[in-house]
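So the protein sequences, as listed, match chains A and B. Counting in our numbering, the final residue of the first sequence is number 72, and the numbers go up one at a time with none missing. Counting in our numbering, the final residue of the second sequence is number 220, and the numbers go up one at a time with none missing.
Keep in mind that the hints were calculated from the coordinates and are not lab data. Hints are supplied without guarantee of correctness; some may be wrong.
Okay, derived cross-link-like pairs now, DSS-like style, lysine-lysine, Cα gap no bigger than 30 angstroms in a straight line [claimed, not checked]: (1) B/K110 <-> A/K15; (2) B/K81 <-> A/K23; (3) A/K15 <-> A/K32; (4) B/K81 <-> B/K122; (5) B/K3 <-> B/K110; (6) B/K122 <-> B/K3; (7) B/K122 <-> B/K30; (8) A/K51 <-> A/K32; (9) B/K81 <-> A/K32.
One side only, chain B facing chain A, incomplete, derived with CB under 8 angstroms [what the hints assert, rightly or not]: (10) K30; (11) D58; (12) A104; (13) L111; (14) K189.
All residues carry an ideal CB built from backbone N, CA and C; glycine is no exception.
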Amino acid sequence: MPRVEVLDSQGRAIKDMLHQQGKDLIDCRMGKYIELEVKAHSKEEALREAKVIAEEVLCNPLIETFEMEIRS
Amino acid sequence: MSKARVGVVRFPGTNCDHDIWSAVEMVGLKPVWLWHRDRVDLDGIQAVIIPGGFSYGDYLRCGALAARSPVMQDIVPAAQKGLPTLGVCNGFQILCESGLLPGALLRNEKLNFIDRWVGLIKAEGHSPFAPEASKGDQIRLPVAHGEGRYFITEDGLKGLQDQEQIWWRYEENINGSVDGIAGVTNSNKNVAGLMPHPERAMAAWMGGDQGVSFFSRLGL
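Excised from the complex, chain B in its bound form (with noise of 0.2 angstroms):
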């Protein structure tokens, strides 16, 4: 049985890109560059992964540029219809961007660019990505970013929550998101979106590996 093929991808600006291939290795699965500038066909694909980095410089608004790349006409289409989609930092801004995911990600409320282990709880709702935490699971990943306080209106915060849109919360809100949002999903739950880095918590080594999990049931 051939393994799964995971699409990693790149645009320029994008740093995360190595972290992510070798996340997806780690747990067995296939990991296939795709490039910005390319149409793509995902045949084959069983899910995509938009990695963090600056794409683009956060010129304009962070991942707005990204986000009207030629790579995003087939894989907007094709997480539309369900193809499991993981955007992470820079790809959660990507993805906001691209209308995939609701909200939007602005600078942190103190100004200041956060790198820290921070902890996160589980909320109500779920994706392919650690499929099997349950809600009010804690864990510990890293995060590392300058844009990352989550924004909606409140009226569309009553629809994350009516939908249970809401992925995963942060412990301590250390960037004034609203409702100390650090991950979401689409209504369809295939898309997902998360400020923190689970290709950086794959290992004891790393500091942890409990973002082993939000790869490691891909294909499956």
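Only chain A is shown next, with the shape it has when bound in the complex (with noise of 0.2 angstroms):
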């Protein structure tokens, strides 16, 4: 999700949209959703898999946070 701080200008957007058709919206704010397959042996193992793929690549720290969750 972008950080706090960042002006999330897409959710704005959605935001004022959802204004105009009468939704009485205090903030809307857009992130992503990622699913990763990994190959592992163990939930553990497949968590510390997937939470360095989203350090290193697909989460940018100085914008963004995320959050992980594990299905298997």
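Combine both chains into one complex, guided by the hints.
Encoded structure:
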């Protein structure tokens, strides 16, 4: 998700459109959803592998934060 | 004396490569292609330019995938050692994603794609590109971008100001960039990024020729 301090212009555009449609919405922020299928012998190993990928490529820590969850 | 060689990098989706090539030739230098998949020997290359476009379709984040291409494994250490390196538009995004330049480029504040000539004011930073420009100089260059909003943290901005790394600002902040920043350099002043396109301002018939000095002083 974009960091709080970053102007999320897409989220703002969506919020404005929803307001125009009469929705009483406080805020909207838009992020990304990415699924990774990794080879691992355990959930912990899978999470570790995914975390490395997230930190090295998928997430730019200057402008975004990320959360992960595992689904087997 | 043989001409200075300037590497022009190409990724899938790079579309300003031919314009950069022509600009380099117009000033009497010798462009050479650097292909994203190749590991490259930069011996004898006086400067590297990363052109604009939509590398990898801007997928994941603008410049994120290009920054992690094989060719960058050679360009990054060379740039860190002092090789003059310029990123224009998507090239600027790629240099930020590769860690060679501070900050990031985000979607324009008003979400529109901006395609027009803009006024720029030279700030304190300097680089091997347009090296004779003085602080306060005003030029006009065209921009064409949807993700040109420069972002950096407050601490980061203070660092840029203290280290004189802000290179050019917009006369009028067209896209919500922090401090109106249109271009920055690294602390060593050999790597530079610019959102506007100097290669599209090489002659009066293009609308202006104030882009020439960004290329004409290389190799000298």
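How the hints compare with the structure:
Taken as a hint, the B/K110 and A/K15 pair is honoured in the structure, with Cα atoms around 13 angstroms apart against an allowance of 30 angstroms. In summary, the hint linking B/K81 to A/K23 is not supported, as the alpha carbons are separated by about 55 angstroms, beyond the 30 angstroms threshold. The hinted pair formed by A/K15 and A/K32 meets the criterion: a straight-line CA distance of about 17 angstroms does not exceed 30 angstroms. Straight-line distance between C-alpha atoms of B/K81 and B/K122 comes to about 25 angstroms, which keeps the hinted pair within the 30 angstroms bound.
Using a Cα cut-off of 30 angstroms, the hinted pair B/K3 and B/K110 is violated, with the two alpha carbons roughly 44 angstroms apart. Proposed proximity of B/K122 and B/K3 is supported: the alpha carbons are some 29 angstroms apart, at most 30 angstroms. Between B/K122 and B/K30, the direct Cα distance comes to roughly 28 angstroms. Compliance with the 30 angstroms bound is thereby established for this hinted pair. With a C-alpha separation of about 16 angstroms, the suggested pairing of A/K51 with A/K32 holds against the 30 angstroms cut-off.
For the hint pairing B/K81 with A/K32, the CA-to-CA distance comes to about 35 angstroms; that exceeds 30 angstroms, so the pair is violated. At about 35 angstroms, the closest approach between the beta carbon of B/K30 and any beta carbon in chain A exceeds 8 angstroms, and the interface hint on this residue is violated. Interface hint status for B/D58: violated, as the beta-carbon distance to the closest one in chain A is roughly 13 angstroms, over 8 angstroms. Taking 8 angstroms as the C-beta cut-off, the interface hint given for B/A104 holds, the closest approach to chain A being about 5 angstroms.
Here the hint on B/L111 is kept, as its CB sits about 5 angstroms from the closest CB of chain A, short of 8 angstroms. Taking 8 angstroms as the C-beta contact cut-off toward chain A, the hint placing B/K189 at the interface is violated, the least distance being around 21 angstroms.
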